[in-house]
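Listed here are the chains, written in short residue letters.
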Amino acid sequence: MLALNETWYLVLAAMIFTIGAVGLLTRKNPLVMFMCVELMLNAVNLTFVSFSQALNDIAGQAIVFFVLVVAAAEVVVGLGIIVAIMRRRQGANADDISLLRG
Amino acid sequence: MRVEMFTFLLTAAICLAGSFGVVLLRNPVHNALSLVATLFGIAVLFIQQGAYFLAAIQVIVYAGAIVILFLFVIMLLGVDRAEGFDREPILGQRPAALAAGVAILGLSLTALLSVGSRVTGQASTLAAIDGAEPNINALAKVLFTDYVFAFEITSVLLTVAVVGAVVLARKAGAAIDAEEFPDGTAADLLQVRYEATEVADPELGQLDDGNASDSEPSGDDTETTTEALR
Numbered sequence: 376m377l378a379l380n381e382t383w384y385l386v387l388a389a390m391i392f393t394i395g396a397v398g399l400l401t402r403k404n405p406l407v408m409f410m411c412v413e414l415m416l417n418a419v420n421l422t423f424v425s426f427s428q429a430l431n432d433i434a435g436q437a438i439v440f441f442v443l444v445v446a447a448a449e450v451v452v453g454l455g456i457i458v459a460i461m462r463r464r465q466g467a468n469a470d471d472i473s474l475l476r477g
Numbered sequence: 059m060r061v062e063m064f065t066f067l068l069t070a071a072i073c074l075a076g077s078f079g080v081v082l083l084r085n086p087v088h089n090a091l092s093l094v095a096t097l098f099g100i101a102v103l104f105i106q107q108g109a110y111f112l113a114a115i116q117v118i119v120y121a122g123a124i125v126i127l128f129l130f131v132i133m134l135l136g137v138d139r140a141e142g143f144d145r146e147p148i149l150g151q152r153p154a155a156l157a158a159g160v161a162i163l164g165l166s167l168t169a170l171l172s173v174g175s176r177v178t179g180q181a182s183t184l185a186a187i188d189g190a191e192p193n194i195n196a197l198a199k200v201l202f203t204d205y206v207f208a209f210e211i212t213s214v215l216l217t218v219a220v221v222g223a224v225v226l227a228r229k230a231g232a233a234i235d236a237e238e239f240p241d242g243t244a245a246d247l248l249q250v251r252y253e254a255t256e257v258a259d260p261e262l263g264q265l266d267d268g269n270a271s272d273s274e275p276s277g278d279d280t281e282t283t284t285e286a287l288r
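Line order of the protein sequences matches chains F and Y.
Number 395 in our numbering belongs to position 20 of the first sequence; there are no gaps in the numbering.
Number 122 in our numbering belongs to position 64 of the second sequence; there are no gaps in the numbering.
Each hint should be verified, as a subset may be incorrect.
Here are a few chain F residues that face chain Y, going by a calculated C-beta distance under 7 angstroms [what the hints assert, rightly or not]:
id	residue
1	Leu379
2	Val386
3	Thr393
4	Leu400
5	Thr401
6	Met410
7	Asp432
8	Gly453
9	Ile460
10	Met461
11	Ser473
12	Leu474
Just so you know, these hints were derived from the structure itself, not from any lab.
Built from N, CA and C at the ideal position, the CB exists for glycine as well.
All chains should be modelled from the sequences, with the hints used to inform the complete structure.
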């Protein structure tokens with residue numbers, strides 16, 4: 376049986392990141408797009424922890440802590456923006472929000 | 059080793075299934091629940107790699123707070139309907155996105171698998187995690203010594219985010235003044251509004267026609283009826 380080393384975790388993280396990126400590019404509901412961003416952030420967190428374990432260094436876990444905080448702040452502000460937009464236009468999706476288009 | 063491999067494979071399957079659920083399911087509530095599955099799976103993988111504190115944070119903050127916030131907004135906005143996949147706004151968007159995904163995955167896997175399982179770089183530059191110290195102690199020591207400035211900046215960031223969310227979610231141009239609280243407390247105001255809506259319900263359509271040019275969906279109507287009752 377193959378040994379479980381950090382490459383397995385990194386491959387899994389790459390898969391989750393790719394799924395999140397494709398979802399972000401294809402979905403239209405802003406809430407679901409946010410969830411896809413969360414998927415990508417979690418894949419990166421998994422990568423950080425795997426390298427932290429592989430290099431026997433706590434710094435990767437400290438970075439993941441900061442990523443978690445920034446993700447929480449990002450979700451709070453992003454959902455505030457989405458609520459403000461949806462209040463004006465019911466059922467708006469990402470294609471309707473194009474006022475900044477040149 | 060065999061148990062570790064089994065745990066990893068099972069958790070990886072759950073993570074991937076949850077990720078596909080987030081992207082492929084049509085109902086936003088189902089998307090959020092799939093996201094919970096993925097987050098729990100990643101928490102298990104954190105535990106497997108010795109990051110106990112981060113696993114706890116992952117469950118508490120992500121699954122306990124962020125996903126609940128998502129569900130709260132979904133219910134608040136009433137967007138828990140299925141989204142149509144029928145029409146794509148830009149021609150060829152989905153094939154292009156799939157091509158980008160294949161490119162990302164292919165490049166990552168090539169970079170990962172071509173070098174074998176060999177991590178380059180200097181080990182233990184900051185602090186070792188080889189079991190001499192509990193995980194939480196080691197992480198706390200690093201956070202409050204080497205990264206203390208970033209930690210303080212993080213608290214500022216959280217405060218700014220809370221203030222920004224409050225400002226963004228308020229109705230535009232609505233200032234807090236005494237007019238908004240006629241009887242002194244917010245509970246009384248809510249009661250007044252509720253009764254006004256109940257009483258003036260048949261006339262709401264009429265009021266709606268009068269305010270049809272306004273883009274505000276419901277706030278103005280209750281305001282008007284409250285004033286009419288007064």
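A quick look at each hint next to the structure:
no. : hint   : in the structure
1   : Leu379 : 5 angstroms, holds
2   : Val386 : 6 angstroms, holds
3   : Thr393 : 4 angstroms, holds
4   : Leu400 : 4 angstroms, holds
5   : Thr401 : 5 angstroms, holds
6   : Met410 : 5 angstroms, holds
7   : Asp432 : 5 angstroms, holds
8   : Gly453 : 9 angstroms, violated
9   : Ile460 : 10 angstroms, violated
10  : Met461 : 5 angstroms, holds
11  : Ser473 : 10 angstroms, violated
12  : Leu474 : 14 angstroms, violated
Hint check: violations occur at hints 8, 9, 11, 12; the rest are consistent with the structure.
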